[in-house]
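Engineer: The lines below spell out each chain.
4 protein chains.
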Amino acid sequence: MATEKDQPDHPTVNNDHLIKSADSQHPANLIPELCRKFWTLGWVTGTGGGASIRDEDLVYLAPSGVQKELMKPEDIYVLALSQQVDPKKRIYLRSPPSFKPSQCTPLFVAAFTKRNAGCCIHTHSQWAVLVTLLLETVHSDLFEINNIEQIKGFGKGFQKQGNLGYHDTLKIPVIENTPHEEDLTESLEEAMDKYPDTYAVLVRRHGIYVWGETVHKAKTQAERFDRPIFMEGTLLTYSSLDYLFQLAVEMRKLGLPWLSDIS
Amino acid sequence: MATEKDQPDHPTVNNDHLIKSADSQHPANLIPELCRKFWTLGWVTGTGGGASIRDEDLVYLAPSGVQKELMKPEDIYVLALSQQVDPKKRIYLRSPPSFKPSQCTPLFVAAFTKRNAGCCIHTHSQWAVLVTLLLETVHSDLFEINNIEQIKGFGKGFQKQGNLGYHDTLKIPVIENTPHEEDLTESLEEAMDKYPDTYAVLVRRHGIYVWGETVHKAKTQAERFDRPIFMEGTLLTYSSLDYLFQLAVEMRKLGLPWLSDIS
Amino acid sequence: MATEKDQPDHPTVNNDHLIKSADSQHPANLIPELCRKFWTLGWVTGTGGGASIRDEDLVYLAPSGVQKELMKPEDIYVLALSQQVDPKKRIYLRSPPSFKPSQCTPLFVAAFTKRNAGCCIHTHSQWAVLVTLLLETVHSDLFEINNIEQIKGFGKGFQKQGNLGYHDTLKIPVIENTPHEEDLTESLEEAMDKYPDTYAVLVRRHGIYVWGETVHKAKTQAERFDRPIFMEGTLLTYSSLDYLFQLAVEMRKLGLPWLSDIS
Amino acid sequence: MATEKDQPDHPTVNNDHLIKSADSQHPANLIPELCRKFWTLGWVTGTGGGASIRDEDLVYLAPSGVQKELMKPEDIYVLALSQQVDPKKRIYLRSPPSFKPSQCTPLFVAAFTKRNAGCCIHTHSQWAVLVTLLLETVHSDLFEINNIEQIKGFGKGFQKQGNLGYHDTLKIPVIENTPHEEDLTESLEEAMDKYPDTYAVLVRRHGIYVWGETVHKAKTQAERFDRPIFMEGTLLTYSSLDYLFQLAVEMRKLGLPWLSDIS
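Quick note, the sequences are listed as chains S, R, H and W, same order.
First residue of the first sequence? That's 1 in the UniProt record's numbering, and the numbers climb one at a time after it.
First residue of the second sequence? That's 1 in the UniProt record's numbering, and the numbers climb one at a time after it.
First residue of the third sequence? That's 1 in the UniProt record's numbering, and the numbers climb one at a time after it.
First residue of the fourth sequence? That's 1 in the UniProt record's numbering, and the numbers climb one at a time after it.
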């Protein structure tokens, strides 16, 4: 429904070379592939959710209001982080002829600039939403779970080596939703400051933002991989988190507590 | 089981050119694709549910009693809205040699004529059915939910600009089921009159009808898209609704209310 | 695990021509396709469940102990109904070199001979098993549900015209499970006699048998279809039933009764 | 996240011929196929879980930290059972250039050496985890269920002929999780000793290990199959177990006991 309204002014010079590449690993090709995978796995529904990839200074973004499994490289927005002087006045190097920029843009940008993320994804996962609703009943803004093996799938945190241990408590902050998604930016950044090691922020009654660090690697090591590590890391974090949220909801249905005292 | 009974009389002149097109975006090609997608996503089971697309005066309809993931363009019915003088005596421009017309036909026609819809889909979604059963226990004929982000996926209503806000309450009327599907037409139209801005009507113990407006567009703008907007709009509305119904059922299992007082 | 044990004696003459056909609609090609579809839809798990198709006097059967999504035409058994004089001494026209005959064989044969079925499928559907367990707590051997639209997907019964109505109560008998599947035959036949119009029998703590009538059709009418009606009818009945069982389990979780008094 | 850390020293001679084969049934080709299937069926999420196949003395292993649906033959580790003198100092014949060995390795090796397994798989199945959590509330380290047909899908046990009967109680031991997966080895071996006939061991708050025996077969019999029996057996056991765990969780939600007294 949102696809045909409020079209922003588009520059006539559109820099389409930024999103045209025969390389399947180019961000403009990866984002549609990522979105199709999300759709297939049930991680996004309709237009809810999005994805963004950063390659050095350039940020590639899925547009708003596009059905996620039908996205194409031509639908991608591109901006340069270094050119963003005023968050209220976003400058795009490349815009698709249809669609609008995603309201998630400032949140993705926060992950890129404050956490050196290389990839950030946002979904309206029902398990995530249910977890935030359950926490709301006890006025909590922190999801905590421990003593579940899958916790070992998470890194210890920002610029830290190694992963969480089995007995460690995984903590994901929850911020309150706002009528306009871009207004989440401030509280998202506050949550990042308060929980500097988190890879994700839950948004109450809304969904989740998950990101993965970009890892600087020597060229020889990079050649060992045929797909960007930052994207894999984000996906793995997301799928491990969604596993935990689903498990947490089922535990609640069965009367099982999320935190336990085992050592 | 219904596939071989009660064959209506078919005209000998069958206008097969109306359903034969090499264009993948032709309604007769889109409907089978749509139905396969429904089946894959679990939105329809067996023969339950259907879909219809309107292109100006022509309406394309899936038949009754066909297994949805096996439908072919040759199975499609076509009628002209302008030729329907008597709702009891439907006139088809084109009928498939097997199958019967869908009982949903008058309901699809209501969406096309009363709401200028371009696409209407009907499913027996279990989440929708469970929501109507839960509402029945409190004698309610209105599904209401607010303060959930996904609500922003819905337009404000018929011929209105913009989408619902996060704090707005989404309202979907529920009508009582009848033994014969065509007898729903009157109460569906009443619900459309009472809730002129709704994009959907729930049918108690039965399922849901969801439609999307046809948007008149200049030819140049239309060329920006490679798939009909009216179909996308309907699909996005449907998937957002089914998301909310599933969430609502899970909320009920966890003792969480559908309406809350947040601002 | 059962794949390599208890190989029965196989005739040296193996009539492989019975299962080799370039026609995709030949039963030996349809059964593997059917079993793959079951696997994909989650209707069978591991080796549980099976399918059989009858073409006049010939019966085609999936073997025991084969992983359902990997079955091939060469794995199919064939028998002639007219040659079965002693149910304890099954005579096969064609046997696969590996595998054993399915223990479901006498139950499929009962559907073919007592109900003129053209296709019979058996699954260990978890929804079906849960429904039988819920009925066991009230010592019931009859699943009953009414006032749900999907009920209209079922024919009125054996050799009857037309389908059930919305207010009709769908009744599916439940028989008690036995240690050896072939020992279910007698009680399955009793259930068929007691409920002559049923298209299915639930087996407590086990699963369900569902069949569809073979419909005699003039050749010209048959040519209108490109797939056997008896198979479609069985599949549609099965998917409508599994929908109702899943709905019934969810209704129970939400405290909603299966029978209601609406008119 | 674990993909780029703690790279072990790799031998310069890498024996890539061990994982390069045009035969689709070669273990190095089967393991990636297996892992893709696990991902598709929802049996593994992110990097959780793994698979290993033994061919005589050679063991093929999926690496740690790889996203399961993207694995390739070049990612596979190979070791010779006969060369493993010190479990703390694993000797690999072949290592992938990236990735680390799986922490599951000693557990897979235990299944191969103590139970003559030909294939062993490990998943973080949510149903398995929920079952271990439910058992924890009653301080139990044994999952028991009886009088469910699917139980007949399990062999009687190690080097025994035939399968369990319908009235038999299936017993799967539960071991306590440890911070380091390799530290599970001792308790896994103890569980194998205490329950010599089990094909699986549950790990509390973690997941499950499932294996299948290698069956020695004469060459003529082997040629009857076009895929390794040991892999099929393990998969069938796994899918039957996961079916039972899911059923057990749903039974608990509905207040139905896992053990009953029927005969």
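Please keep in mind that the hints were generated in silico from the structure rather than gathered at the bench.
These numbers come from a predicted model, not from an experiment.
Just so you know, even glycine gets a beta-carbon here, dropped at the ideal spot from N, CA and C.
You may find that some hints are simply not true.
What the hints assert, rightly or not - Residues from chain R that face chain H, not an exhaustive set, calculated with beta carbons under 10 Å:
#1 Leu41
#2 Gly42
#3 Gly65
#4 Leu70
#5 Thr137
#6 His139
#7 Ser140
#8 Ile175
#9 Glu176
Stated by the list, open to error - Here are a few chain R residues that sit away from chain H, every Cβ distance over 12 Å (derived from the structure):
#10 Gln83
#11 Arg90
#12 Arg115
#13 Ile151
#14 Thr185
#15 Leu188
#16 Met192
#17 Pro196
#18 Arg204
#19 Thr214
#20 Leu259
Engineer: Now tell me, hint by hint, if it's right for this structure.
Structural biologist: Hints versus structure:
1. Given the 10 Å rule on beta carbons, the hint for Leu41(R) is violated: about 12 Å separates it from the nearest Cβ of chain H.
2. With its C-beta approaching chain H no nearer than about 9 Å, Gly42(R) sits inside the 10 Å limit, and its interface hint holds.
3. Against a cut-off of 10 Å between C-beta atoms, the interface hint on Gly65(R) holds, since the closest Cβ of chain H lies about 8 Å away.
4. For Leu70(R), the interface hint holds, the least distance from its beta-carbon to any beta-carbon of chain H being 7 Å, beneath 10 Å.
5. For Thr137(R), the interface hint holds, since its Cβ comes within 10 Å of a Cβ in chain H; the closest pair sits about 7 Å apart.
6. The closest approach between the C-beta of His139(R) and any C-beta of chain H is roughly 13 Å, which is over the 10 Å cut-off, so the hint fails.
7. Using the Cβ-Cβ criterion of 10 Å, the hint placing Ser140(R) at the interface with chain H is not satisfied: the shortest such distance is roughly 14 Å.
8. Among the interface hints, the one on Ile175(R) is violated; its C-beta lies about 12 Å from the nearest C-beta in chain H, farther than the 10 Å criterion.
9. At its closest, the beta carbon of Glu176(R) sits 8 Å from a beta carbon of chain H; the interface hint therefore holds under the 10 Å criterion.
10. Listed as a non-interface residue, Gln83(R) keeps its Cβ farther than 12 Å from every Cβ of chain H; the least gap is roughly 26 Å.
11. Even its closest Cβ contact with chain H, about 20 Å, leaves Arg90(R) beyond 12 Å, as expected for a residue assigned away from the interface.
12. For Arg115(R), the non-interface assignment is confirmed: its Cβ lies about 23 Å from the closest Cβ of chain H, beyond the 12 Å cut-off.
13. With a cut of 12 Å on Cβ distances, Ile151(R) stays outside the contact zone with chain H, its closest approach being about 23 Å.
14. Every beta carbon of chain H lies more than 12 Å from that of Thr185(R), the smallest distance being close to 15 Å; the non-interface claim holds.
15. Taking the minimum C-beta to C-beta distance to chain H, about 14 Å, the non-interface status of Leu188(R) holds against the 12 Å cut.
16. Distance check on Met192(R): its Cβ is at least 20 Å (rounded) from any Cβ of chain H, clearing the 12 Å threshold; non-interface status holds.
17. Once the 12 Å rule is applied to beta carbons, Pro196(R) is consistent with being away from chain H; the minimum gap is 26 Å.
18. Under the 12 Å C-beta cut-off, the non-interface status given to Arg204(R) relative to chain H is violated; the minimum distance is some 9 Å.
19. In this structure Thr214(R) is separated from chain H by more than 12 Å, as the shortest Cβ-Cβ distance comes to about 28 Å.
20. No Cβ of chain H approaches the Cβ of Leu259(R) within 12 Å, the least distance being about 18 Å, so the stated non-interface status holds.
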